[in-house]
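Construct all of the structure, not just a fragment, from the sequences and the given hints.
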Amino acid sequence: MTPLGHRRLILTRHAKSAWDDPGLPDHDRPLNERGRRSARALGDWLASRGYEPEEVLCSSSARTQETWAMVAGAALEVRPIVRIEPGLYHAGPEKMLSILKTATYPTVMMLGHNPGISEFAALLPARLPLDPDFRRYPTGATLVVDFQVDDWSQVEPGQGSVMDFVRLDGRT
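In terms of this note's numbering, the sequence shown opens at residue 657 and continues consecutively.
Since the hints were made in silico from the structure, they are not lab data. Predicted model only: the values in this text are computed from it and were never measured. Keep in mind that a hint or two might mislead.
As the list claims (entries may be wrong) - Label-pair distances were calculated between CB atoms; the ranges are:
| id | residue 1 | residue 2 | range |
| --- | --- | --- | --- |
| 1 | His662 | Ile737 | 17 to 25 Å |
| 2 | Gly706 | Lys757 | 20 to 28 Å |
| 3 | Gly661 | Asp825 | 33 to 41 Å |
Ideal placement from N, C-alpha and C gives every residue a C-beta, glycine not left out.
The structure is reproduced here in structure tokens:
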């Protein structure tokens, strides 16, 4: 939970997807096994740090929805409101910001795709994480960023404070 006057965004790129079926439309590609492992690990990581979303804004693609399902299957205590947002499918940073501004709960998780999500992540904080993987925002990467605002509609680029950045790739 975030205090009054704070908003927290958990910004996640979908986990690793499968390319097994060349005839399958991009929108319908599921996660591969490595992606499922990393999404479950991400859920455990979020729970262990108390980063529990109250609202989820998820792209309509199969791989983002499956990423969320694996994250949600972890030890999360909060059961958030989930909004499937077709506009997040391959959205650019401007579209992602406009969708974020419609959020209503203090702690929001947004699941999307590159290259838009890496560009969006780079716009949000006042200071970027020093992690060498941040700029490329690999599959499963997650940024936790806090904003000192009362409402999501007040969020603007460069206002955020980075709380965490992680990449859990599901390799064993």
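- Any hints from earlier that this structure breaks? Give me their numbers in increasing order, please. When the structure is compared with the hints, none of them turns out to be violated.
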